[in-house]
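Using the sequences and the accompanying hints, generate a full structural model.
These are the residues of each chain, in order.
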Amino acid sequence: MRKGFVLWFTGLSGSGKSTLSKMVEERLLERGVPVEVLDGDEVRLNLSKGLGFSKEDRDTNIRRIGYVAKLLSRNGACAITAAISPYREIRDEVRKSVQERAAFVEAYCECSIEKLVERDVKGLYKKALAGEIANFTGVSDPYEPPLNPEVVCHTGEETSEASLGRILKTLEMMDLIPKDPSAEYSAEEEAEVAKRLKDLGYLG
Amino acid sequence: MSFFKNLMKKKAPRTMVIGLDGVPFTLIKKLSENGVMPNIAKLAASGEKYFRQMDVSIPEISSVSWASFMTGTNPARHGIFGFTDLKPQSYNIHFPSYPDLKAETIWDTLGKENKRTTVLNLPGTYPAREHNGILVSGFVAIDLKRAVHPASLYERLNAMDYRIDVDTQKAGDKEYFYKDLFDTLAARVKAFTELWKEECDLFIAVITDTDRLQHFEWDAIEDEVHPRHGRAMEFYSKVDSLVGKLLEMHGSDEFLIMSDHGFCAIEEEVYLNRILKDNGFLEWEKDPPEGIGMLAGETRAFALDPSRIYVHSAGRYPKGRIDEAASDKVRDELKEFFSGLERNGKKVIRQIFLKEEIYDGPHISKAPDMVLLSERGFDLKGNIRSAVAYAKTHFSGMHTRDDAFLISGKGALSKRPHIEDVSEMILEAVRGA
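One line per chain: the protein sequences are A and B, in this order.
Just so it is clear: in the first sequence, position 31 is 31 by our numbering, and no numbers are missing.
Just so it is clear: in the second sequence, position 234 is 234 by our numbering, and no numbers are missing.
Hint data in this document are derived by calculation from the structure and do not stem from the laboratory.
One or more hints might be untrue.
The calculated label-pair distances, taken between Cβ atoms and stated as ranges, are [what the hints assert, rightly or not]:
1. A:E56 with B:S90: 56 to 62 Å
2. A:L147 with B:G411: 42 to 48 Å
3. B:K319 with A:E188: 56 to 62 Å
4. B:D402 with A:P34: 50 to 56 Å
5. B:H418 with A:D41: 44 to 50 Å
A few chain B residues that face chain A, going by a derived Cβ cut-off under 10 Å, partial list only [said to hold, decoys possible]:
6. D165
7. D379
8. S386
The C-beta atom is built at its ideal place from N, Cα and C for all residues, glycine as well.
What follows is the structure in structure tokens.
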């Protein structure tokens, strides 16, 4: 059995976390990987119903998502989470806890605030900038980007297919999902590549 | 009237780019002045607007440089930092290939504008994938079947006896090596001239055999009384003939000729991991180690080929213990150490680049913490098994960062170029056509 893992999306509201999580889910199902998506908006309707957006409530929400993701991943599944998860300390706490029995892959959806305000699909930034929504991450609440994410999706500049490709590639490299055989070096080719690089003094 | 005008209008010239892998500005200038490369000489004599020395990305190796060329971006945007990388959260080696390229290529951009591009033997484009045009992947391509788009090219190239690369494993047998170089170049001449006939708006063809010759035979190239100097010059003369042939077929000034880095003579190879170990930055669980995975937890920094230094950070590497707060201190110590590194009274390191000084983009978290640039003659290596810090081997040439060249057929070089600027020049030329 392959090692279970948590694919933890983090990024500002509207940066593409939910879209990408659904796209990854489809691709993983195609490759036979058992997968569950814990979407931030949905979790707040059940698991974290009643919680608000104070720092304390946000931390509780993330810890709950992290806990469920940990249970799923330690049983060999892939748990994809898509919540803003603005605080580095809590994300790192979840990372440590998950890594006891499974792998943790942090996917940072990076997008400038200017771009998000311009897009503003849900109209939330407009309201937040007008002061109608309090504690809005990126506007009136802080967001701490990850320092060493396993994968960065530059969602303001690249297509979602490009971001998806990068995420799948990272999961393949970490040996968490089966490889797409048409897309890269096979094991035999890797041995040959190593030989050729050694011949030119690039691999000691 | 306008109908007839349109009918009579000559098709706009395509843009051509010829790459000569690893050929230094200083060498090609010399060979154009001493009669070995007469076709280049005509262009080189036209002045600075036509022929200039060029800087390339760091580290100065083909996989990084050509990725910068084909995307017009720096490594923190295109994501290629070397021929090798470590897989996330592990010490397993990953060999970055075409799917790892994270920025859009020139031909992908042009494809969206309905322009066709032919790309031949460009390093870093394996396995081949579909684009609007033709692709024959270059180094490190393994299987020709997977190195071509469209698939029908495979049979055509085989019929021309095309080969992806020379066999560098046999480079010790000089007679064989030169024959292999000449045969491979002859096959490229056939393939390039044949595929020129295919419709395209942009034609990119790279000769990589120059780099192979220079790695193993730099002494023969530089030393005019070396027994194989004549053979080496004969090879450059053939390369010049191929350039002349392509330019003649092209018949337009919409072309660029370029290299991806320079070359110079090796005095000694420098084994960075041995030096880091001898100076208390690195520990192995077993010495000599069987792989980079044998780094001990006490390790503060390690090197990957050719000159990339990584802080052994907690969170980034399974056994890493350097936390964020301590990371800057380790970098400062490394900087101080490498600045003072000397060999027989000679300074080894010319310049030390912190990642934020040379890289800018969304993939900077994958970048080495520091990249070293050596003084000429000191060839930096990430070898993990060397028992000594310095040695001389069978390699005679090493790469340089500031001695690549660029030739512009229409004299468009108003300042010293950088390889990351070239794609914009190409896009302008193709769009203007």
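Verification of the supplied hints:
1. A hinted range of 56 to 62 Å for the beta carbons of E56 (chain A) and S90 (chain B) is inconsistent with their spacing of about 36 Å.
2. Separated by about 47 Å at the C-beta atoms, L147 (chain A) and G411 (chain B) satisfy the suggested range of 42 to 48 Å.
3. Taking 56 to 62 Å as the suggested C-beta distance range, the pair K319 (chain B) and E188 (chain A) does not conform, at roughly 30 Å.
4. Between D402 (chain B) and P34 (chain A), the C-beta spacing of about 53 Å keeps the proposed range 50 to 56 Å intact.
5. Restraint check, H418 (chain B) to D41 (chain A): a C-beta distance of roughly 45 Å satisfies the suggested window 44 to 50 Å.
6. Interface hint at D165 (chain B): satisfied, since its Cβ lies 7 Å from the closest Cβ of chain A, which is below the 10 Å cut-off.
7. Annotation: interface hint on D379 (chain B) holds; nearest CB of chain A at approximately 8 Å, less than 10 Å.
8. Look at S386 (chain B): its Cβ gets to within about 7 Å of chain A, closer than 10 Å, so that hint holds up.
Consistency with the previously given hints fails for numbers 1 and 3, ordered from lowest to highest.
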